[in-house]
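Residue numbers (my numbering), protein chains in the order written: chain A, 1 to 534; chain B, 1 to 121.
Treat the hints with care, as some may be off.
[Said to hold, decoys possible] The list that follows gives simulated cross-link-like pairs (lysine to any residue, SDA-like), each with its CA atoms no further than 25 Å apart:
#1 A:Lys228 x A:Ile19
#2 A:Lys308 x A:Leu507
#3 A:Lys338 x B:Thr105
#4 A:Lys338 x B:Asp73
Note that these hints are calculated values from the structure, not bench results.
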Amino acid sequence: MRNILNLKNPDSSIATKLIIAIGLLMIILSFIFWYAILKKQEKDIMSIAVRYGGSFVNFTKESIHHSLLTASRDETQRILETLSTPEGVRQVKLYDHKGAILYSSHKESIGLTIDKNSVSCRGCHTDPEKSGALLNDQPKWSVSREKGNHTLLKIVGAIPNEPSCNTASCHAHTKEQQILGFIEADLSLAILDEALFKQGLALTTYVVVFVLAVALFLGIIIYKVVSKPVRELVSGMKEVAGGNLDYSVPIKSSDEMGVLAEAFNAMLLDLKSAREQGEKWTQTLEAEIAKKTEEIQRTHINLMQTEKLASLGRMAAGVAHEINNPLTGVVTFAHLLKKRFPQNSLEAEDLNVIIEQSERCSKIIKNLLTFARATPSEKGRVSINDVLSRTIFMVQNQEKFHHIKFNIKLEDSHFTIIGDPSQFQQIFLNMFINAADAMNGRGNMFISTRRLTENAKPYVEIEFTDEGCGIKEEDMPKLFEPFFTTKPVGKGTGLGLSVSHGIVKHLGGYIKVKSVVGKGTSFLVRLPLAEEEK
Amino acid sequence: MKKILIIDDEAIVRTSCDRTLGPEGYTVKMAASGKDGIEFLEKEPFGLVLLDLKMPDMDGLEVLSKINSNWPDTKVVMITGYSTVETAVQALRMGAYNFIEKPFTPDTLLAAVTEVFKDQK
């Protein structure tokens, strides 16, 4: 995902491309338009010029008509000179069908022959030497460049044969002649050129300004509509790629960009919620894993503990059993030896010590073997309250418990458990003995039973709380280990709690311990209840 | 006929029984294994057999069933460790007269033995 969104700045933007494309198109179109208008103007102006030129030639013809009829050469020459005086009229001349110049406003050209390749001849004839071949379309004018690069309009008008001409007294022309001569005017179009140039300049300026304005306008529109939103989208994507999902693209328009931005924002929201969901799941999963790991660890520790206890128990049983044999010998021979001495003799008393200590050994072994014995001998339905009451009654009558006040609160319930009553008695007895030892035989003991449900299964909890010395934090883990004791040597075997623990575990229960040093200890024995008998 | 046979693989247990019962007027014979014990029984009759439950070659219960079928008049008292109470109960069901737990005192042993022979007095 990171790689896909690793955005870089674009080498060329859509806006630039659009502006270049549209601009080029506009320039081409504008050029064509400009060129067409310019040409059209030129053509129009030329046709006007030709028309006026034609008029000028006709006017000249009319002006010299009379002087030609009267054959007064000076008069004709004078009129031509007068006609060439206005601005723009360069030359007015008259020549015959053969091209010989008869009159001209420029006197020096009289008597010369005109250029036969010019429009003067080629306006009508394909070949000036062969007068028969006439052109269908006969342009009577041509343009050329004069000094100063101005346009020079050469316009030719024919002088047709008229009755007044061939009937005149001079008899210069026969009746058969169709065309008597030509009037040609050279007109400078400098003024028009200038006007055309000015107009062209203005047009060019308009076109350039138009193109620039349109380009600017387009640029602004493209920037607003395309470039800016795209840039915002790209920066939005960069933000998202950087991990910021709280970002939202600030585009509010009704076009496709707006729809795209809206879709992008919606996608971001989806992405965000998906990520949050994912994070939540991950957290839940982590918590679940931690919980399970702890459970497994606890189970593992329990299993190790159980396994340790079991192997210890097996070893203890083996050892205990073997010790029984030599112990039998010790006890027997001590007794036999004792019989040989008088009852109160020093020897008899010493032997009594041997016997007592042997009996102590025997007791330890018995405890060890109880601890090792895994299965109860007599299983049956046992009422916990009954066994507890009996055990309390039993201990209350013993000297060890004479100064202990028993506070009993048994929940009025038939707590029935499948098991061996003697084993329960042993557990309870252990609890009482430990409590009495912890309190040095003085204080309050609180015993209570209650029903509770754990993992949808009914349990009975039997609480033994004393006001004793408490259990040190460092001793807690070793509490249920066999042979662990804090009692003085000879007083405890360190097997009471481990035996109790073994029994309770075997029945599917467990023992919880809460203790405050100097304040007291609570042992909570939890045992699963048997199903109710119908 | 106060003849007692002790079958136990442990010498100290045999000697203890012998030293306790001998001075009380019982004739005591000792066998170190079930096999030896059966051999003794084949040679002469005994009123009581003190039989250890756990022995290496022949199990106490096996010896017990042999005695029951071959010498029904001979009573058997089992000697057992605490951990084998269930076995002791089984032994009683199989026809043993009584059982005593190790380690026992001379008084316990004597009481058990006296009980066996009280009918024969």
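Hints, verified against the model:
no.	hint	result
1	A:Lys228 x A:Ile19	holds, 15 Å
2	A:Lys308 x A:Leu507	holds, 18 Å
3	A:Lys338 x B:Thr105	holds, 12 Å
4	A:Lys338 x B:Asp73	violated, 36 Å
Checked against the numbered hints above, the structure violates only hint 4.
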